[in-house]
Amino acid sequence: MLVAAATYLYWSLVKDVERDDNDFLANKIQECRRLLGEGPKDAPLLAHEIQTEAAASQFIKYFVRLVDSRGQPALETPGMSRLLPMAAFPAPIEVWQTPSQGEVRKSLAGAHFLLMAGRATAQGESEPERTVQVALDVSSDEALIAGYRWKLLVVVVLGVLFSGMAGVLVARRGLHPLTAMARATERISASHLHDRMVADEWPEELVSLARSFDQMLDRLEDSFKRLSQFSADLAHELRTPLNNLRGEAGVALSQGRTPDEYRQTLESSLEEYARLTRLIDNMLFLARAEGPETGLTRSSFDARQAIEVVREYYEAVAEDRAVEVGCAGQGTVEADAVLFRQAVSNLLSNALNFTPRGGRVVIEVKEHDRNGVEVSVADTGSGIPPEHLPRIFDRLYRVDAARSQHPNGAGLGLAIVKSIMRLHEGTVEAKSEVGQGTKITLQFPACVSKAPPKLTKM
Amino acid sequence: MRVLVIEDELKTAAYLRKGLSENGFSVEVCTDGEDGLHQALAVESDLLILDVMLPKLDGWSILKALRQAGKQTPVLFLTARDLVHDKVKGLELGADDYLVKPFDFSELLARVRTILRRGPARQPDVLQVTDLQLDVPRRKAARAGIRLDLTAKEFGLLELLIRRQGEPVSRTIIAEQVWDVNFDSDFNVLEVAIRRLRSKVDDPFPKKLIHTIRGVGYVLEERPE
Numbered sequence: 001m002l003v004a005a006a007t008y009l010y011w012s013l014v015k016d017v018e019r020d021d022n023d024f025l026a027n028k029i030q031e032c033r034r035l036l037g038e039g040p041k042d043a044p045l046l047a048h049e050i051q052t053e054a055a056a057s058q059f060i061k062y063f064v065r066l067v068d069s070r071g072q073p074a075l076e077t078p079g080m081s082r083l084l085p086m087a088a089f090p091a092p093i094e095v096w097q098t099p100s101q102g103e104v105r106k107s108l109a110g111a112h113f114l115l116m117a118g119r120a121t122a123q124g125e126s127e128p129e130r131t132v133q134v135a136l137d138v139s140s141d142e143a144l145i146a147g148y149r150w151k152l153l154v155v156v157v158l159g160v161l162f163s164g165m166a167g168v169l170v171a172r173r174g175l176h177p178l179t180a181m182a183r184a185t186e187r188i189s190a191s192h193l194h195d196r197m198v199a200d201e202w203p204e205e206l207v208s209l210a211r212s213f214d215q216m217l218d219r220l221e222d223s224f225k226r227l228s229q230f231s232a233d234l235a236h237e238l239r240t241p242l243n244n245l246r247g248e249a250g251v252a253l254s255q256g257r258t259p260d261e262y263r264q265t266l267e268s269s270l271e272e273y274a275r276l277t278r279l280i281d282n283m284l285f286l287a288r289a290e291g292p293e294t295g296l297t298r299s300s301f302d303a304r305q306a307i308e309v310v311r312e313y314y315e316a317v318a319e320d321r322a323v324e325v326g327c328a329g330q331g332t333v334e335a336d337a338v339l340f341r342q343a344v345s346n347l348l349s350n351a352l353n354f355t356p357r358g359g360r361v362v363i364e365v366k367e368h369d370r371n372g373v374e375v376s377v378a379d380t381g382s383g384i385p386p387e388h389l390p391r392i393f394d395r396l397y398r399v400d401a402a403r404s405q406h407p408n409g410a411g412l413g414l415a416i417v418k419s420i421m422r423l424h425e426g427t428v429e430a431k432s433e434v435g436q437g438t439k440i441t442l443q444f445p446a447c448v449s450k451a452p453p454k455l456t457k458m
Numbered sequence: 459m460r461v462l463v464i465e466d467e468l469k470t471a472a473y474l475r476k477g478l479s480e481n482g483f484s485v486e487v488c489t490d491g492e493d494g495l496h497q498a499l500a501v502e503s504d505l506l507i508l509d510v511m512l513p514k515l516d517g518w519s520i521l522k523a524l525r526q527a528g529k530q531t532p533v534l535f536l537t538a539r540d541l542v543h544d545k546v547k548g549l550e551l552g553a554d555d556y557l558v559k560p561f562d563f564s565e566l567l568a569r570v571r572t573i574l575r576r577g578p579a580r581q582p583d584v585l586q587v588t589d590l591q592l593d594v595p596r597r598k599a600a601r602a603g604i605r606l607d608l609t610a611k612e613f614g615l616l617e618l619l620i621r622r623q624g625e626p627v628s629r630t631i632i633a634e635q636v637w638d639v640n641f642d643s644d645f646n647v648l649e650v651a652i653r654r655l656r657s658k659v660d661d662p663f664p665k666k667l668i669h670t671i672r673g674v675g676y677v678l679e680e681r682p683e
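Residue numbers (the numbering used here), protein chains in the order written: chain V, 1 to 458; chain H, 459 to 683.
I should point out that these hints are in silico values taken from the structure, not numbers from a laboratory.
The beta-carbon is built from N, C-alpha and C at its ideal position, and this holds for glycine as well.
All clues given are correct.
In the EDC-like style, the derived pairs of lysine to aspartate or glutamate whose C-alpha atoms are separated by at most 16 Å in a straight line are: (1) H:K469 x H:E486; (2) H:K611 x V:E308; (3) H:K559 x V:D281; (4) V:K225 x V:D195; (5) V:K366 x V:E308; (6) H:K611 x V:E312; (7) H:K666 x H:D589; (8) V:K431 x V:E387; (9) V:K366 x V:D302; (10) V:K418 x V:E290; (11) V:K366 x V:E429; (12) H:K658 x V:D320; (13) H:K469 x H:D562; (14) H:K611 x V:E319; (15) H:K658 x V:E319; (16) V:K418 x V:D336; (17) H:K611 x V:E315; (18) V:K366 x V:E334; (19) H:K658 x H:E617; (20) H:K529 x H:E502; (21) H:K665 x H:D589; (22) H:K611 x V:D320; (23) V:K61 x V:D141; (24) H:K666 x H:E679.
Chain V is faced by these chain H residues, among others (derived, beta-carbon under 8 Å): (25) W637; (26) V639; (27) D642; (28) D644; (29) G673.
Here chain V stands alone, though its shape is the one from the complex (with noise of 0.2 Å):
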């Protein structure tokens, strides 16, 4: 920038300068001429403007010299010739023609001058055979230039030279807040992870950036806590099933046992095995569902079809219950299809578990227009208490504590649909009234995929 500034100021000087030297001799030029044309033939006023003002004039030092019609100089300031002999100034400008730019030349005793050259016409005469020749000593001017120009070199590298120090010391000082918080963001480990930047204490450039920090330090914290419950709530449910497996292969071994005892207590050890596996798989699914985006395999499919699928699984077992099961509705839905049928399973699976002989339950589709899907299952069973509706969608949670209703069920299945649904982007709600009955939801919303979905026979 200074360099520009400088550059700006040097040439709009020496333009300056440049035109009032032009704009002098130009004048002058003109002004013989109109003495020329319009004084006697002698023209005295001319003879005394050439020979006794410009020797005269001090501080501008100029000459001039009429050329009369035969090339011969008629009247010149003394010591023009010596200085500034005729073949020195350039070609004259015509007689209409108005003096605008000389030229500069150096003169024999080393000076630099201005010259210009225009004919005239003097009185009487028809034919513009004089010529008038000006020179004006620019020297000074060149020196004050010269002067000048140096002057804003010195000034310019120095300029540059100290903001540039200027600006690394700034910088350094504006960057000082920034390597606190590089500091104190050493402190924050996965151990210390309530440390926060505090975003008030900071100054006001770094405030939101400190803001933002704490926010995404209150993100993590709350993933890690969550991971580190989960980890805790599988290793617990664990405990179970291996207390049972430790338990019976311990009792087996404390006496002399028939094989067909061996046999019975391996046979249920296979069964724990299994029911570890099922935990496991699922708890390993939803730690997965939480994380980053898990492999969705979309297609579209007929959902009534879907769900009368899995009606059709459940038939034994609602039959051997007395609930009458129904299906109802019609869609397309766009989805996993794995995961749809797992999810309308679960939930059929706790309808059928918590409704009574005699019950009924619904499972209906409702498609939205260009909105998605909507998949019902409501049954007639024993409800869900208020309190515990807002949880039971949680992990491990089962309404009734002491899971005397359903050795198998983990209390995973509801928090299986939440994630399935999370997964699809949709939503699950329930709806349950005490003594009447549970409807549980799920929107499946329309897709917005990049790719089309492919088209699966279900």
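On the provided structure of chain V, position chain H as indicated by the hints.
Relative to chain V, chain H alone:
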């Protein structure tokens, strides 16, 4: 029947060898990928049981190399559940079936038998076990001449058990074949279905045909009292 097992986990390899040979198979075991591929190419086997995660050369590469060499040996993949794509990938590459770890040995045995049975075996239209008779095309079942009133799924279940008579069928296979699903469910749906089937097929008659083998599955056969 010759089975080549390529599995690096020693205990798994050991029980597979034991279990399969006790069931009439001749078993060869390799514990790393390179060895396994070499063996698979050198010796003809009727079935390859292939673990996906192997040292030196993984299961995918072995299968690919095998198929490229023109070997059509049936392959049963053992995969970990986390990798859902494993299943698709395996079947695309030319595997015949897959099993997710951890699995029941009975499951493995059942699938091995299924793979090896595949072929242009003619499926009879009328199935019979002692006095139980199934007319498959007409979807009718009768025992001792008395018509059995079965639902569509119950018929399917009975048909599956009869076709595999004498051979224990695992729960997973039943779910896949009869209901075409593989849900994870809190209810033991199959247990209920079998119980209801029993109430219609076995309970009214002196001889029980449907048996439960704990930890394995169900089997339909005539057993001496």
